[in-house]
Amino acid sequence: MRCEECADKLDRFVDRELTNTEALEVQLHLEGCPDCMDHYEFQEELKRVVKHSCECDTAPAAFREKLREILG
Amino acid sequence: MAEPAAQTAFAEEALTHLDTLYRGALRLTHDPDQAQDLVQEAYLRALRYQHSYQAGTNMKAWLFAIMRNLFWDRFKGSRKEDVSLDDTGDFVLYEKLRDEGARPESDVLDKIAASEVVAAVDKLPPLHREVVLLVDVEGFSYKDAADTLGVPIGTVMSRLHRARQQLQKSLYDYAVESGIVHAGGQQQVSQQ
Numbered sequence: 000m001r002c003e004e005c006a007d008k009l010d011r012f013v014d015r016e017l018t019n020t021e022a023l024e025v026q027l028h029l030e031g032c033p034d035c036m037d038h039y040e041f042q043e044e045l046k047r048v049v050k051h052s053c054e055c056d057t058a059p060a061a062f063r064e065k066l067r068e069i070l071g
Numbered sequence: 000m001a002e003p004a005a006q007t008a009f010a011e012e013a014l015t016h017l018d019t020l021y022r023g024a025l026r027l028t029h030d031p032d033q034a035q036d037l038v039q040e041a042y043l044r045a046l047r048y049q050h051s052y053q054a055g056t057n058m059k060a061w062l063f064a065i066m067r068n069l070f071w072d073r074f075k076g077s078r079k080e081d082v083s084l085d086d087t088g089d090f091v092l093y094e095k096l097r098d099e100g101a102r103p104e105s106d107v108l109d110k111i112a113a114s115e116v117v118a119a120v121d122k123l124p125p126l127h128r129e130v131v132l133l134v135d136v137e138g139f140s141y142k143d144a145a146d147t148l149g150v151p152i153g154t155v156m157s158r159l160h161r162a163r164q165q166l167q168k169s170l171y172d173y174a175v176e177s178g179i180v181h182a183g184g185q186q187q188v189s190q191q
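Top line first, the protein sequences correspond to chains E and A. Under numbering that gives the first Met the number 0, the first residue of the first sequence carries the number 0, and numbering increases by one thereafter. Under numbering that gives the first Met the number 0, the first residue of the second sequence carries the number 0, and numbering increases by one thereafter.
If you are wondering where the hints come from, they were derived from the structure by calculation, not from laboratory data. Treat each hint with caution, since some may be false.
[As the list claims (entries may be wrong)] Taking CB as the label site, the calculated pair distances span:
#1 Glu64/E / Arg44/A: 16 to 22 angstroms
#2 Asp72/A / Thr57/E: 23 to 29 angstroms
#3 Asp7/E / Gly138/A: 38 to 44 angstroms
Cβ atoms here follow ideal geometry from the backbone N, Cα and C, with glycine treated the same way.
Looking at chain A on its own, in the form it has when it is part of the complex (with noise of 0.2 angstroms):
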């Protein structure tokens, strides 16, 4: 066991990492109680085996690697399979509406609110879920990602291209239900 004092560095350290973990605990569980449960249980596991993470190195990578494996372990039965996403093909929301004279970043993705974009997270697979949590809200590095998850950097590349197509389709499906565009890439109708 650590010195009191270091003990306590290491904690403090550790918590400045507490909403990196816990968003990632809450996109993986969906359930704020599970989320809590999952990230104090990371920690106390991080406090017990911090002698094995080396001062210098990307804390928050190994925070979040000790807290996905145990949602992995406990949530998930050890079982990593993944439900593969549906093959969208092309299907890009931007190639639906680049050729109908809009501007697809501001006149659809502005207008889906964030709580839809969460929802569509949300529905992504776990293993491409946690990639798009690393990289695109996180700001993890390919590498990072890669080390953090314990898989080859170019398996991170193809489920983050695969995670981005999906997340478009989940987005244009929304877009087309809420009246933001019209079925079959027609023209934007809302004027919000």
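So that you can see chain E by itself, here it is in the shape it has in the complex (with noise of 0.2 angstroms):
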């Protein structure tokens, strides 16, 4: 695999979207590649702080008791 091919397809990756043959060639790819393991690692990086900073807001309790008294 060429690094254009592994960079194309590293979204896919992250997102562990693509299938286990092609997952299996980027990961050989990454192993021999320090440039294209950065840039995953970066990546995968990059999407776990944003899931991190993003799931700090949680639902009020007490907007989460009105919607139950609402719903039930």
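Bring the two chains, given one by one in their own frames, into a single complex with the hints.
What follows is the structure, given as structure tokens:
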């Protein structure tokens, strides 16, 4: 696999959207290509940081109770 | 109308997805009160149309679809045209920094506060923001995200890619402004 093809599949690799065969091909390329591995690790970390940052917001307890009464 | 017991069970299951809906509504409206109004209306609508929900399918995706459709109908006047993202070209934070001998993920991303990451997400155009919310924050598959948003999977992928590029640009701008990196991709200076 060439670096361009790896870069093209990186979003889907990070999002676990490749087939097993495609994911294995990307994995093998990453293990032999430090540049692409660094890029992958950055994308993985960016996704983790976005998830962690946005997950801090949760519904207020009072709102949850209000909904429970309305829907109950 | 469903039997009371069935309605209660439906409501209980639906409420297990409250945090996902509230987070999504908050990121879409940028206002806690509007977010609560939106989520409450979404739940009432879901209860009204629960017969259209197929048991065993993805209730979280179904509820999110109701909520975001209400958002576009109510807050955006049914206009789904998006503000286009600035063309970031090949710019990505990673590429800006990788030639500087640093590790962008540990030297830069780790130094950016969660509030700044949320601010960068909030700056995305809504149609791009909701894809990031579904895929990156809530862990939706591309297919579930596409079904929820009513768009092809290819649209999910392209919006996600553009959104991530834009996120990197926003975070890079913040990193420069806050002194984490020097403009022009120079060596990181912060030793926090």
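Hint check:
1. Glu64/E / Arg44/A: 16 to 22 angstroms: Roughly 20 angstroms apart at Cβ, these two residues keep to the hinted range, so it holds.
2. Asp72/A / Thr57/E: 23 to 29 angstroms: holds (26 angstroms)
3. Asp7/E / Gly138/A: 38 to 44 angstroms: violated (23 angstroms)
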